[in-house]
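**Student:** Using the sequences provided together with the hints, build the complete structure.
2 protein chains.
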Amino acid sequence: MEVPMNNLETIAKLIRYYSLIMSTEAGSGHPTSSLSAADLMTGLVFGGIFKYNLDDPHHPNNDRLIFSKGHASPLFYSIWAAAGRLMEKELLEFRKFTSPLEGHPTRAFKYTEAATGSLGQGLSIGVGMALNAKYLDKLPYRTYVLLGDSEMAEGSQWEAMEIAAHYKLDNIIGIIDVNRFGQRGETMYGHDLSVYRDRVASFGWEPIVIDGHYMPQILTAFKQGAQAKDKPVMIIAKTLKGKGVSFIEDKNGWHGKPLKKDELARALQELGPIDKSAMGQISKPENLRPAELKASDAQPVSYAPDKPVATRHAYGTALERIYPKFPDMVVLDAEVSNSTYSEIFKSRYPDRFLEMYIAEQNMIGNALGLSTRGKVPFVSTFAAFLTRAFDQIRMSQYSMANIKFCGSHAGVSIGEDGSSQMGLEDIAMFRTLLNSAVLYPSDAVSTEKLVEEMAKHQGISYIRTTRKDTPILYRNDEAFRIGGSKVLRSNKSDVATVVAAGITLHEALKAYEELKQEGLFVKVIDLYSIKPVDAETLVQAARETGLIITVEDHFAEGGLGEAVTSAVSETGVPVYTLAVRMMPRSGKPDELLGYEGISHIAIANAVKDKVKNHIKKR
Amino acid sequence: MEVPMNNLETIAKLIRYYSLIMSTEAGSGHPTSSLSAADLMTGLVFGGIFKYNLDDPHHPNNDRLIFSKGHASPLFYSIWAAAGRLMEKELLEFRKFTSPLEGHPTRAFKYTEAATGSLGQGLSIGVGMALNAKYLDKLPYRTYVLLGDSEMAEGSQWEAMEIAAHYKLDNIIGIIDVNRFGQRGETMYGHDLSVYRDRVASFGWEPIVIDGHYMPQILTAFKQGAQAKDKPVMIIAKTLKGKGVSFIEDKNGWHGKPLKKDELARALQELGPIDKSAMGQISKPENLRPAELKASDAQPVSYAPDKPVATRHAYGTALERIYPKFPDMVVLDAEVSNSTYSEIFKSRYPDRFLEMYIAEQNMIGNALGLSTRGKVPFVSTFAAFLTRAFDQIRMSQYSMANIKFCGSHAGVSIGEDGSSQMGLEDIAMFRTLLNSAVLYPSDAVSTEKLVEEMAKHQGISYIRTTRKDTPILYRNDEAFRIGGSKVLRSNKSDVATVVAAGITLHEALKAYEELKQEGLFVKVIDLYSIKPVDAETLVQAARETGLIITVEDHFAEGGLGEAVTSAVSETGVPVYTLAVRMMPRSGKPDELLGYEGISHIAIANAVKDKVKNHIKKR
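Chains as they are written, first to last, in the working numbering: chain A, -1 to 616; chain B, -1 to 616.
Source of the hints: derived by calculation from the structure; they are not laboratory data. One or more hints might be untrue.
It does not matter which identical chain is used: a pair holds within one copy or between any two.
Lysine to aspartate or glutamate pairs mimicking EDC-like chemistry, simulated, CA-CA at most 16 angstroms apart [to be verified]:
no., residue 1, residue 2
1, Lys586, Glu23
2, Lys94, Glu589
3, Lys94, Glu23
4, Lys610, Glu568
5, Lys586, Glu91
6, Lys136, Asp228
7, Lys608, Glu568
8, Lys292, Asp326
9, Lys259, Glu23
10, Lys94, Asp588
11, Lys136, Glu284
12, Lys229, Asp168
13, Lys49, Glu284
**Tutor:** This is the structure in structure tokens:
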């Protein structure tokens, strides 16, 4: 343990000064939430415990600091200013359009590990980083997460707690800033720290209760935290919101309010002389790096053409097959690995598999933490249950996440288990994300190829898999790409184009045969990449056939049908969407496809019906 | 306390028999998860504690029973069979398309309180029912929730726990069926009941640890539970999965697997003689009903035409205004009532307001519980944070929920707080729900009217509100309806139609004026009802102007643009969508509207550009 060289009191005062002036200048922001944790963060970062190479924020052995209470961004930026990496005039650009110092920390600012601001997410992200340190990179860095007391009401926190304890993460230290006030009033427990202590202990963490404004206790707590063994540590600090400025200290009604100019003047007078030349020193970490993993070729895909295979099964097989080529991969699953078939990967590479139990929100947070540490996480559960983590998924896009999602058991075609288990809104959910890839393969070969494309792709991608076995449609050497599609049936006399993906593609192919018997020909497109969508092929098909019918095992809104409709809107060619529109229920897969009007019969009928009307109108 | 008249051992055996035969006949389902809780549920329902009027499942003073572990549906249905309300032949229809006995319980079956099957949701629903009993209906009924041990990993459980304790709900009894196995293996804690006990106690509940197969202990526990005072009770029961059939009992690998025919024969031999004539008696509750609430007229809407008001503020005002007309209303908010302005209602009707703290998942579950008990819950938080509860929202549609959602702070126009606080996927999310209403008013008058329409509407509805003040566009006596729209500008020489809602409608009106200066006229439509969408008006406008431009403060996918594109696809009129397509960030609202290409300038430019191309193509 190095002796702290910094005058912590001087630095804490400087940080308070910065936090106040920058929010007043911005005219918005959260100074009081910053002041309550100013001593805690000063003690942590400049007290000699925290190791960080300021010149190399991406150094793999840096300690990690996450502000789960992202609204304390003035404090966050002030720390880096006190470390000499931001100038006062930069702080005064806080919340302006041209500044990287956004209202809540994002990765536009180089010292931000992950974007926060939706509460209750930082601890999961930190747990991901700590899992990485302990089990994957095997580096001694520690992860620190500053938590608000209000956000401890979020269930996601307790998911992170249980998983951290389960994996015996002795390299993560949480700090709860118990300033007793939320946005609109007091928290459920106010300053009763025993509630937090008991809960934290019952979830397998070591609680350390301190006065969050008394520096010796703060430093002792972090030293204790650094000596943890097989157990995560939670520092529970009693603090005062607005600490240091009498007229806002421990007062309700001051959340998210900057001081007015005159109030600021009074506050600064109270603070007294500020030493702006004070610059906090941070010791560097040992220059350790993770062992380099050698990539090698993946085995080729090899499916018998006549043996149906579920795409969910192909997902598991693909993970196992491509791992040698992508050794940064890590696979996570929420207690359904025997349904998503990620268990195939698990049994071959148990050290690269993390069981996340039934706690989807934390699973996504962990994946984000792993992703920011250079891993390539594949996460899977039922498509329906990914909705549980939509907020975490949404937030991950603001952290430039590189996460690969798999949702199995898509659609009503799962059958007997009924509506609760049917993913019917997953395409809509993943399509909303900026620059996401949304993939929906229909056979094992395309699934394998697309999983490989996902591993190569940088960003958020999603693959949707089907429960039941489906026939092989493609040769093992067929190529697939994100943004592509396949025209599977095409004739000169096509009267319409049927666009489908996944289970409904097989229905479309059946409908093709039935229509052919009646002398009607349709183009059939496998739209395996729903986003980005292959607009070129769709527009051409629209122009060639003058009519498009889409069919999907998903609700009508935000799915394949709307993706196609948007893509061809300019052509003036009408699009008719067959989708799930009736209350789904238990039954046989085929009964349900029929009931929802997305079966081969429904497709053939729609073609005949629409073609008739279409010709009539002309 | 009545003396139980039932032979509980005989009934438990009958229930085991039913659970086994029905899942074998179905060829799928979860018999082992049913057997572990068979004694617990027999003791509860037929042991003399549970009060229920079998002839009147909707009786307001019935005790409530929710299977949060919905996969134990064979057990659930077997209970009602043992009570004489289902015949064996009906059980044998389990999971068939024509049967109300779905794979996971839904409200197709008349004794189901709420659909379950996505784990970790039943407790929140139960808490909503218990809140109703204690604070609204003021009835002595109790709510019982059967929980799986695996699902205790879900954070939502702990949200429900903390809120139940906070509200001192001594009328809810949870039962954790600790059978130690999840779907793919052992839980994190196996049969270590002390972990559950400590956690439950630390969250303010009274834990009662028992042997879940020893009837005297089971009965004592429920008796104890009925005597709770100011504290919820959790019965933590050690059980064996598959209990009663030696070759599946306490064995891994038997989750979600029915017995094969020959295995069933062996199992039934083990069970021994079954008394099918046994019929469990359930005592009726006291015939108490909640006090009737008298409805009276609401005050009329009254806004000054020249004073801008934020639609979020009008939401709060509307709640207060309409309450006399809808006295079943109850308002919930997730610790941001001073931002969503539900606090306006709260300060007038504090007894009808429930503070839900920062725990959105539980808030929705509670709202569902309240809704099933006949209340009209309005729930609010930032639109972005409703994504936190997408799984609960999704599931609520399968419970025929009558919930009114409000998401405030929609879009990039919130400005400085940055991306984490911006609702940019909420329209897509709520549009996916079957038969949902998605509303997005642009001024205070339309907000007031639409909140009132929501109160009248039966089902799931969503209203999206804007942070900043916006001008009043409508007279106080203007009428609005779910499914409607308003044509605000229309001329004979319109070259295009601009469709907008909320903040962008004001941009569209500015663009109208600018284009008019250049001699270009456009139709402007306020699409305040995005779902159901006013297809008739849109199609007519499309045909009249030959070109549509949509503009929305929402991501491009699944929003207003795609709703319009789908609605007019048949016309062959192209639709161009202006939406949020760049990584959002902090800044001034107008800067962000400009940056995302959804400002009045962007609209005017798009009109000019597209009209030019459009004419050229003709």
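**Student:** Of the hints stated earlier, which fail here?
**Tutor:** Those not satisfied: there are none.
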